[in-house]
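Q: Those protein sequences? They're chains R and W, same order as listed.
Residues 82 to 196 in the working numbering are what the first sequence spells out, letter by letter.
Residues 29 to 144 in the working numbering are what the second sequence spells out, letter by letter.
The set of hints was computed from the structure by calculation and includes no laboratory data.
All C-beta atoms in this analysis are idealised placements derived from N, C-alpha and C, irrespective of residue type, glycine included.
Incorrect hints may appear among the rest.
Here are some chain W residues the structure puts well away from chain R; computed CB gaps all over 12 Å [unchecked claim]:
no.	residue
1	Q65
2	E72
3	I75
4	Q78
5	G99
6	Q112
7	S123
8	R126
9	A137
No more than 35 Å apart at the CA atoms, straight line, and that leaves these computed lysine-lysine pairs for DSBU-like [claimed, not checked]:
no.	chain 1	residue 1	chain 2	residue 2
10	W	K85	W	K43
11	R	K149	W	K85
12	W	K43	R	K188
13	W	K43	R	K137
14	R	K191	W	K45
Only some residues are given here: those of chain R computed to face chain W with a beta carbon under 7 Å [to be verified]:
no.	residue
15	S113
16	G122
17	G124
18	L125
19	L127
20	K130
21	K133
22	F186
23	K191
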Amino acid sequence: GDSVTQMEGPVTLSEEAFLTINCTYTATGYPSLFWYVQYPGEGLQLLLKATKADDKGSNKGFEATYRKETTSFHLEKGSVQVSDSAVYFCAPGLSTQGGSEKLVFGKGTKLTVNP
Amino acid sequence: GAGVSQSPSNKVTEKGKDVELRCDPISGHTALYWYRQSLGQGLEFLIYFQGNSAPDKSGLPSDRFSAERTGGSVSTLTIQRTQQEDSAVYLCASSLVRASGANVLTFGAGSRLTVL
């Protein structure tokens, strides 16, 4: 069945380090793909998205590219900051019987960035 | 309203009691989701409502859990005979539904349930 697999954390990095959080999915067709972020004490919010193959979503220095051939949507950032400390969730939009998409989230990856 | 509103924000109950959690989505959003966030368990899908379609209940963990959405707006998640393992933060989200997909969810602040 449809599912999402996200790199498990926690991940601890020093400021200015390179970040990759892996995400792969299994789905029927070509779902929209999302990364959501939950900062400490705050609610979940959209970080970035991509809607079709080879699309690159980007926001706040984060990027993720929709890779159809590997069914992946890995999150990357070249130089992390302390303020990036949060929990990151990968979420493909999976097909429902009614024909619409529902978002199913990965287990989340907790990132801690130390100064 | 301006955002997704959930109530109560905190609920402490005794094992075996029933609880109701309420979600008021953004006006005009036809899709509504319930998720459960437990420590160390990530974000677990519970149920999805989309317009007048039959809800997708595939994530409900047991028959003690049920949800309804009246008039295509407010939703209530009911947990009967609560157990300690039901303790979690219950999140509601809503979205528009576009034919092209890429439906962005707006989340509420959540209802924290503690079962003693």
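Q: For every hint, state whether the structure bears it out.
A: Status of the hints after comparison with the structure:
no.	hint	verdict
1	Q65	violated (9 Å)
2	E72	violated (8 Å)
3	I75	violated (10 Å)
4	Q78	violated (5 Å)
5	G99	holds (19 Å)
6	Q112	holds (22 Å)
7	S123	violated (8 Å)
8	R126	violated (9 Å)
9	A137	violated (5 Å)
10	K85(W) / K43(W)	holds (24 Å)
11	K149(R) / K85(W)	holds (29 Å)
12	K43(W) / K188(R)	holds (27 Å)
13	K43(W) / K137(R)	violated (47 Å)
14	K191(R) / K45(W)	holds (33 Å)
15	S113	holds (4 Å)
16	G122	violated (10 Å)
17	G124	holds (5 Å)
18	L125	holds (4 Å)
19	L127	holds (5 Å)
20	K130	holds (6 Å)
21	K133	violated (9 Å)
22	F186	holds (4 Å)
23	K191	violated (10 Å)
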